[in-house]
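**Q** Here is how the chains run, residue by residue.
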Amino acid sequence: MNSTRFSDANLNSHTIYNKKRVKQFNLPHKCFERNVACAWRRGNKFSIFPGSQTTNKTIENSDNKILDIRQEISLFTPILRKLVNEANGAFLSLQRASDMSKNSDNQVEYLKLSRQYRSIVRVCLENLQEATEKVSDGLERNSLQSFTTIFYSIECIWHLCEILYIDVIPGEIVLPYILEWVRFHFPCHEQTAASLLEACEKGSEDNPEYWNAVIGMVVQGRIDVARALLKLHSSSDSSEFKLLDNSMRAMPVYNVYGGISSGEFTISWKHWYAECRSKYTSGSLALQPQLELILRIMIGDYTAFETIRIKYTSWFDMLGGWILFTMPWAKRREMASAAAACAGLTPGEKTHLDIIIQALLEGDLHQVIHEMQQVSDNGWSATHLTDMLYHCGKLQILDKQIDVTAQIRDSLILEYGSLLMEHKSLWSAGLSYLAATPPEGLKRAELLLERIPIESEAKAMRILAEANKYGLPNVVQTVCGCMSTRRLKSGNSGAALTWGGRTRSTELCARAAEQALRRYCAGAPLPHAELLLTGSTVLLSKYCDFHNLYKNREFRKAAKLLVSLITSKLSPDFFWETLLLDTLPLLETETPVLSADDTYEIMLCLELHSCALTGKKADMLRFALARNLERTALLNLPDED
Amino acid sequence: MSINIEGTFVSQKINKIRWIPEEYVETKHFFTGSWDDDENSVKVWTFESVHDDENVENPRELSEYKVAGDVTEIKLTDKNKIAVSLSNGEVRLLEISAYERNSPLREIYTWSKLHHINSERCSCTALDTFEGDIVTVGEDEKVNILNGRRGDVTRSISDTDSCSIHSVCFLKLNEVITGNLRGHMKIWDIKRDSNKPVASFHFPGEEVAATCIVQHPTQPHIILAGSECGSLAVWDLRMNKFPTSQLSAHSSGVTEMQFHPENPNKLITCSLYGDVWDWNMESLTKKSGDSYVPLDDKATMNVTSLIPTLHKAVNSIHCSKGRVLCAADNEAIYLIKNLKY
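Protein sequence lines correspond, in order, to chains Y and E. For the first sequence, the residue numbers in numbering that gives the first Met the number 0 are 0 to 640. For the second sequence, the residue numbers in numbering that gives the first Met the number 0 are 0 to 340.
For the record, the hints were derived by calculation from the structure and aren't laboratory data. Keep in mind that the hints are not guaranteed to be accurate.
[Said to hold, decoys possible] From the structure, some residues in chain E lie toward chain Y, with a derived Cβ separation under 7 Å: (1) Asp36; (2) Asn117; (3) Ser118; (4) Arg181; (5) Asp192; (6) Lys195; (7) Val197.
[Stated by the list, open to error] Pairs of lysine to aspartate or glutamate residues, derived as EDC-like cross-links and limited to a Cα-Cα distance of at most 16 Å, are as follows: (8) Lys22(Y) x Glu71(Y); (9) Lys393(Y) x Glu361(Y); (10) Lys336(E) x Glu47(E); (11) Lys80(E) x Glu94(E); (12) Lys458(Y) x Asp52(E); (13) Lys78(E) x Glu130(E); (14) Lys310(Y) x Glu333(Y); (15) Lys488(Y) x Glu119(E); (16) Lys556(Y) x Asp581(Y); (17) Lys81(Y) x Glu5(E); (18) Lys423(Y) x Asp37(E); (19) Lys230(Y) x Glu263(Y); (20) Lys458(Y) x Asp37(E); (21) Lys568(Y) x Glu606(Y); (22) Lys393(Y) x Glu348(Y); (23) Lys78(E) x Asp36(E); (24) Lys423(Y) x Glu25(E); (25) Lys278(Y) x Glu239(Y); (26) Lys133(Y) x Glu60(E); (27) Lys423(Y) x Glu130(E); (28) Lys81(Y) x Glu47(E).
Ideal Cβ positions, reconstructed from N, Cα and C, are used throughout, including at glycine.
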C-alpha cells in the first residue's frame, strides 16, 4: 500500500481574519470514494484509508492509499521556533516569579516579563523582515509576510494590554501611554513631518502632504511639532495662524507630578476648552478651513474626527487624539466610551484586531481571549497573554456566576503544551508548559511522554530525567520496560537486566535473568558478576557467586552455596540439569567438600527431578554421589566459618 | 572586564559545540552538532560584530553538513579535522578548509555500521581522539579503535561489558577508559589482544551511568567522571578501585566537563539542570596521593556559576582562553566572554 503525505496550505490559513470555521478538502484519490475510514495518530494527525480494500491487485499498482493528514503548525517553522523557545524561557520565569510572590504584590517583576515578551515578538518581527527581504520564492515570501502581519497585531495588542492591565501608572492617568502606543504602532505622517522640519522652508504648504502631516501631528498629540509645522506656512504671520497657535500653546497638559490636583487641572482645562469653543463659534477661522478643522479637532468635535477618518487605515490612529481632546484626565477603566466613539467612526465590518482592541479598552478580557484564539499563531499569543494577565491578577472571567479564570488559563496552556509535545525537538518545551498546570498537565504529560519514539539510549535517559524531575514514575517504568524488552529481544540479557534494575522492576529483572540462565545453558557466557550487585534476581546472582568462588578455588564455600541453591528449590526446570551437573566436580575433589547430609540432599533432588537429568549423565552423577557418600559417611566435615 | 553573556537562538537543539582552534588570533569560528530533530546537521559558524560594535558579536552560519541521526560527539583530531559520532552508529571524519571557512565540510572517511546490535544499527554514544587515533564506544558494548590517517578499524573489543557504554577517554596512546550505563569504569589496553579490562572500578553508591570522563591535563593519573545524577567522582589511578573524592555537584546529570586549556586548576562543567559551573580544582589536585578529602561540601571547592540557570539542559561547553561556548536544549547557543583564567 502506498503512503503519501500531503499538507494543504489551506489547512492553516495564515490570515488573522479567518471567518470560516469549517474547511472542506477534496480527497485526491479515487479509492476514497467508498467506505472511507479514519484513525487518529499521535498528536494532531490522523490517517484516512479506504475502508474496503481491493486485495486482488499487486502492491505496485494498488489503488489503496493511506493519507496522513496533519495540521500545518506555523510555529514549527525554523524562524518561529526561536520565538517558541525564547517565550518558553519567559513563561518559566513568570511561573517562578509568581511562585516566589504568592503573597506579595510583584507588579514590577511582571512588567519586566511582559516587556520581555514584547521584545521577543519584536526580535521575531525583525527576523521575519530580514528573511522576507532575502527570500526569492513567492509562496514563502507570502507566508513570511502573513506571519509578519500576525505578529505586528500581536505586538500592538500586547502593548495596549500592558498599558491597561500590567504597567504601573501613576495616578492611573493613561493618556500619555495611549499616545505613545498610537505613535509607536501607527506612525502616520511622521516622516513627512520630519522631512518638512528638516528642510525648514517657508511655504511648505506646497507639499501635498503638508496639511495631512499637520493634522496627523495634532491627532497624535504632538502639539509642538504641529506648531512648528504651521510656522513653515507662508502665511504663518497672519492673524488666523496666530490665533490658533495661541490656543495650541495654551493647552493645559496634565502631569501627575506637576503639582496641581486633577480637580484644578480640570478647571483650567475646561476654561481653555471654552475659549477654543468660542473662537470656533465666532467663526474667526472660517477663511482658513484647514485651521478651522484643527480647531474643531481640538474641541473634540465628532464630525471633525469623522472627516479625517478616511485618511487613516484604522480608528486606532484617532484614539489618542480623541482622549486628548475630550477627556485628558481619563483613568484606565474609563476607556470604554472613547473606544466606542472611535470605533463608531468606522462603518462596516470589524476586523479581529478592531474587536480585540475595543474589548481591551472596554475591559472585556473574556472577549479579548476569545478573539485572540482566532489568531493563526497556534495559540501562542492567547496562551502567553492569558497566563500573564492571570498572574497579574487582572483576569476574572465568570461563567454563570462561577469563576472560570483558572480553567481558561489552564486549558489554553494545556492545548499549547500538547501541541509542542508533538514536535520531535520541542517536546521538552511542551513538557514544561504541561508541568505548569498540575494536576491535569502532568497526567497529559504522562500519556504523551510514553508515546515519544525512543531512538537511542540518550533520548531514553533524557526522557527519564524529565520524568523524574516532574515525578512521573509511570513514565520511568514504561521507558525502562521498553528499553529492557528491546535489549532482551536482541539477546542482550545483561543490558536488559540493567534497564530492569533501573526501575526496580522484579518482573523485568526476572525475565532478563531467566534469559541469561537459558543462554548460559546454551553455551553463552554469564553476565558480569558485578552486574548483579543490586539485582533482585537471587538465583542468577547466587549462581554467579558460586562461579566466582569456584574460580577462586574456594571449593568448600562454593559447595555450600551450591547445595543451598539446590535445596532452596528456586531453580526453574530448565536449569536443574546445570545445577546438578555442577556438583560433579565438587564430588570428585581430593578432599571431600560435600558432607554426607549434602550428598543425601543432592540425591533426593536428583530423583525428584529425574526428568531433568537422564541417561548416562544421571548415572555418572549417581555414581559420584555414591562414592562421595562412601568417603564422608563417617566423616564430620568442619564448618569453615 | 566582567563576564558577559550573549545568547542566540538557532532553531536546533545543539548537542555538541566546539571552537575551531586558531593559532595567532582570537577564536571566532566554531562547530555545532544538533540532535533530536527531524533533520540534524553539523554546522560551521562565525562570530561577527554588529554595527562595528566590538562588544556585540552575533553568530552567523557559514556551512551546513546534514547527517542522519543525532550528533553524539564532536572532537578535533587536528587543527582542521573533526571526528563526528552519530546515533545511527556511524563515525565520520570531516575536514574544514583552513582558509575558506565557509566552504562546505569535506568528508575524509566514513565508518558506517561501526556500532550495531545483531544487524540493527545502534547509537555510537561517544568518542575520543589521540593524535589521529579515534576510540569509539556504543550501545552495543563495543570499543572500536579507528585510525584517522588510514581510515581503518585497527582494533575492536567486543562484548566487553554487559551494558551500553556511554563515555570514553584516552589515557595514553595504548590505554582508554570507558564508563557504562551502570557506572562501571574500565581501563583497556588496546595493544593487548585480550577482551579483558586492565582495571575496573565503579561509581560509588547507586547505579548511575557515567556520562562523561576527563583526564587531568597535567596530572595524567587523575581521572574525573560525571554521572547521570549530577555527582562528580575523582580517581587517582595509582590507587584504583575507590574514588579519592566524590562530590555531589549538580542537581541533575553532568553533561560535559572540560579542564581549561590554559589553567589546569580550572574545570568547567555543565548539566541537565541548565547550569554552567566554574570550579577551582586546586585543593583537589595539589594534595598528596594518599589523603582522602571528603568533598561533599562544594563551597570549599570554590564553585562559581557562570550563567543564570537556564530552563533547559546545557548539553555542551567548550572554552578557549576567556571565551566559553555553551549549547543548550532551548535551541540556543551562548558565548560567555571575559572569563578569568
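**Q** With reference to the structure, classify each hint as holding or not holding.
**A** Evaluated hints:
At a threshold of 7 Å, the smallest CB-CB gap from Asp36(E) to chain Y is about 4 Å, leaving the interface hint in force. The interface hint given for Asn117(E) is met, as the beta carbon of that residue sits about 5 Å from the closest beta carbon of chain Y, less than 7 Å. A cut of 7 Å between beta carbons decides the hint on Ser118(E): the least distance to chain Y is about 10 Å, and the hint is violated. Hint status for Arg181(E): holds, given a least beta-carbon distance of 6 Å to chain Y, under 7 Å.
Using the Cβ-Cβ criterion of 7 Å, the hint placing Asp192(E) at the interface with chain Y is not satisfied: the shortest such distance is roughly 18 Å. The criterion of a C-beta within 7 Å of any C-beta in chain Y is not met by Lys195(E), whose closest approach is roughly 11 Å, and the hint is violated. Look at Val197(E): its Cβ only gets to about 15 Å from chain Y, farther than 7 Å, so that hint breaks. For the suggested pair Lys22(Y) and Glu71(Y), the alpha carbons sit about 14 Å apart, so the restraint of at most 16 Å is met.
The straight-line distance between the Cα atoms of Lys393(Y) and Glu361(Y) is roughly 14 Å, inside the 16 Å bound, and the hint therefore holds. Taken as a hint, the Lys336(E) and Glu47(E) pair is honoured in the structure, with Cα atoms around 14 Å apart against an allowance of 16 Å. The suggested pairing of Lys80(E) with Glu94(E) holds, with an alpha-carbon distance near 4 Å, which does not exceed 16 Å. For the hint pairing Lys458(Y) with Asp52(E), the CA-to-CA distance comes to about 40 Å; that exceeds 16 Å, so the pair is violated.
With a CA separation close to 11 Å, the supplied pair Lys78(E) and Glu130(E) stays within the 16 Å bound. With a C-alpha separation of about 27 Å, the suggested pairing of Lys310(Y) with Glu333(Y) is violated against the 16 Å cut-off. With a C-alpha separation of about 12 Å, the suggested pair Lys488(Y) and Glu119(E) falls inside the 16 Å cut-off, and the hint holds. Simply put, Lys556(Y) and Asp581(Y) have alpha-carbon atoms about 14 Å apart, close enough for the 16 Å limit, and the pair holds.
Only pairs whose Cα atoms come within 16 Å are accepted, and Lys81(Y) paired with Glu5(E) is accepted, the gap being roughly 15 Å. The hinted pair formed by Lys423(Y) and Asp37(E) meets the criterion: a straight-line CA distance of about 6 Å does not exceed 16 Å. Between Lys230(Y) and Glu263(Y) the alpha-carbon distance is near 32 Å, which puts this suggested pair outside the 16 Å criterion. In summary, the hint linking Lys458(Y) to Asp37(E) is supported, as the alpha carbons are separated by about 14 Å, within the 16 Å threshold.
As the CA atoms of Lys568(Y) and Glu606(Y) are separated by approximately 14 Å, the hinted pair is consistent with the 16 Å bound. Annotation: proposed proximity of Lys393(Y) to Glu348(Y) is violated, straight-line Cα distance about 30 Å (limit 16 Å). Under the criterion of a C-alpha separation no larger than 16 Å, the hint pairing Lys78(E) with Asp36(E) is inconsistent with the structure, at around 29 Å. Using a Cα cut-off of 16 Å, the hinted pair Lys423(Y) and Glu25(E) is violated, with the two alpha carbons roughly 36 Å apart.
This hinted pair checks out: Lys278(Y) and Glu239(Y) have alpha carbons roughly 10 Å apart, not beyond 16 Å. Taking the CA atoms of Lys133(Y) and Glu60(E), the gap is about 15 Å. The hint holds against a cut of 16 Å. Taking the CA atoms of Lys423(Y) and Glu130(E), the gap is about 37 Å. The hint is violated against a cut of 16 Å. Restraint check for Lys81(Y) and Glu47(E): the C-alpha separation of about 20 Å exceeds 16 Å, so the hint is violated.
Hint violations for this structure: numbers 3, 5, 6, 7, 12, 14, 19, 22, 23, 24, 27, 28, all remaining hints satisfied.
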